[in-house]
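Engineer: Now for the letters of each chain:
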Amino acid sequence: MSWDWQVFFQDTGGGQTYFRWMMSAWGWTLLVSACSLVVALTVGSLMGILRTTPVKAFVWIGNAWTELFRNVPLLVQIFLWYHVIPSIWKTLQGVPDFVAVVIALGFFTSARIAEQVKAGIQALPKGQRYAGLAMGLTLPQTYRYVILPMAFRIVIPPLTSESMNIIKNSSVAFAVSISELTFFAMQAQEETSRGVEIYLAVTGLYFVSAFAVNRVAAFIEKRVQVPGILGSKR
Amino acid sequence: MNLTFAFLDWNVVSSFILKGFIFSVQLTLFAMVGGIALGTAIALMRLSGKKWLVLPAAFYVNTLRSIPLVMVILWFFLLIPLLIGRPLGAELSAIITFTVFEAAYYSEIMRAGIQSVPHGQVSAGYAVGMTYAQCMKLIVLPQAFRNMLPVLLTQTIILFQDTSLVYAVGAYDLLKGFEVAGKNFNRPVEMYLLAAITYFVICFSLSMLVRQLQKRIAIIR
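These protein sequence lines are chains A and B, in that order. Going by the working numbering, the first sequence opens with residue 2, and the numbers climb by one from there. Going by the working numbering, the second sequence opens with residue -18, and the numbers climb by one from there.
To be clear, the hints were calculated from the coordinates, so they are not data collected in a lab. Heads up, a few of these hints could be off.
Stated by the list, open to error - Straight-line distance between alpha carbons at most 30 Å, and here's what the computed DSS-like set of lysine-lysine pairs gives:
(1) Lys91(A) to Lys196(B)
(2) Lys164(B) to Lys57(A)
(3) Lys223(A) to Lys91(A)
(4) Lys196(B) to Lys127(A)
(5) Lys164(B) to Lys0(B)
(6) Lys196(B) to Lys118(B)
(7) Lys31(B) to Lys164(B)
(8) Lys32(B) to Lys118(B)
(9) Lys127(A) to Lys57(A)
Given only the sequences and the hints, what does the whole structure look like? Please build it.
Structural biologist: Okay, structure coming up:
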């Protein structure tokens, strides 16, 4: 077979080239990933913290959350937010597809982040918590000033790989016709029959995105390093 | 809206859902066995220390791990017919895809497991005159397998969840079974809900089992 990269300059029929469409699809992939990451980090940190508190009810909630969102496939969760939830609560029917996907991907990833955050907190010596409480700090203060600043530094590497996973997992949004990269790949392949060129380009963009996240995370990790501990070189 | 499951009887389950369930399980088992076999070979290549074996193995693993599974499924569905010259069904294509894809993930688990066996044991094996293959087969792999069994099983649960992504090429898996049944009886919402519950029950019980196993192995060690 022969290459035909000209395909990217063909008109899609809607007044734009396939190249322009692919770039906007890339934008959607990044937007879905970024929004989901914000949801996942917020909810995941909260649930992870709850699981390490001495309050039994909180631990139960955190555990239940993690098990629930970890044991249902992402695609099924997207269908839940897209088809099931709006038809049970009518008020949610006007919610855009984009929001459904962000919630689904965000909550799915939050279960995994909760797991990492919990592990990070438990990796700290217990003495730090007791020292904080013994100094007269309240439990929230102990978390805020003693435990979390260290725990979050510990979990940066696993959170980096979760952020890269979120970009990969955002591809599942094709199932509810969000115009992101995978959806573009499927549509453009069908319309142009130049599947190999299109898939190569899309795969390349996924590579670039994941690599960029990796570099940004490495930069953050370096910036927040505490001199003398946790593998710092200074 | 009121949910009704009145239409649901054994007939519906056996004619729509069971077929999909069987395929999902088949796909999981094939990909697990094939993926672990291929993954072990790749892990051994990466640990061999010979550049011409390490580089291709590292390339294989890193490439597959940085592409979304859906894209891998689409790639194989596109490429296999180009290579063999005739279309291959979505189901067979999915089995090949998942075996190849999961091998990359299993190989990383195997590599960690093999590296968890102290190097002195390999040296001891060499010292008593064993070859590399004998060392691996008799000393390292049996211990490594035991160390990583829980992780391998957890990965298999993830694999079972990921089989739902064959949706992208229209293969008839468990999720598709629910979807088709939902369309036929005009009750998609109930069916999606039921799909979520089914996946949850299966994956949650399996992960509980893995946790039990982990405890038992930990005590023996």
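Engineer: Between the alpha carbons of Lys91(A) and Lys196(B), is the straight-line distance 30 Å or under?
Structural biologist: Violated: Lys91(A) and Lys196(B) sit about 45 Å apart, past 30 Å.
Engineer: Hint check: Lys32(B) vs Lys118(B), CA-CA at most 30 Å. Holds or violated?
Structural biologist: Distance of about 22 Å is within 30 Å: holds.
Engineer: Do the alpha carbons of Lys31(B) and Lys164(B) lie within 30 Å of each other, as the hint requires?
Structural biologist: Status violated; Cα separation ~55 Å.
Engineer: With a cut-off of 30 Å on the C-alpha distance, tell me whether Lys223(A) and Lys91(A) pass.
Structural biologist: violated, 47 Å
Engineer: Between Lys127(A) and Lys57(A), does the CA-CA distance stay at or below 30 Å?
Structural biologist: Holds. Lys127(A) to Lys57(A) sits at ~18 Å (cutoff 30 Å).
Engineer: Mind checking the alpha carbons of Lys164(B) and Lys57(A) for me, to see if they're no more than 30 Å apart?
Structural biologist: Violated, at about 43 Å.
Engineer: Is Lys196(B) close enough to Lys118(B), meaning Cα to Cα at most 30 Å?
Structural biologist: holds, 26 Å
Engineer: Verify the proposed pairing of Lys164(B) with Lys0(B), using a straight-line Cα cut of 30 Å.
Structural biologist: holds, 16 Å
Engineer: Has the given pair, Lys196(B) with Lys127(A), been kept, meaning a C-alpha gap of at most 30 Å?
Structural biologist: holds, 23 Å
Hints 1, 2, 3 and 7 from the list above are not met by this structure, while the remaining hints are.
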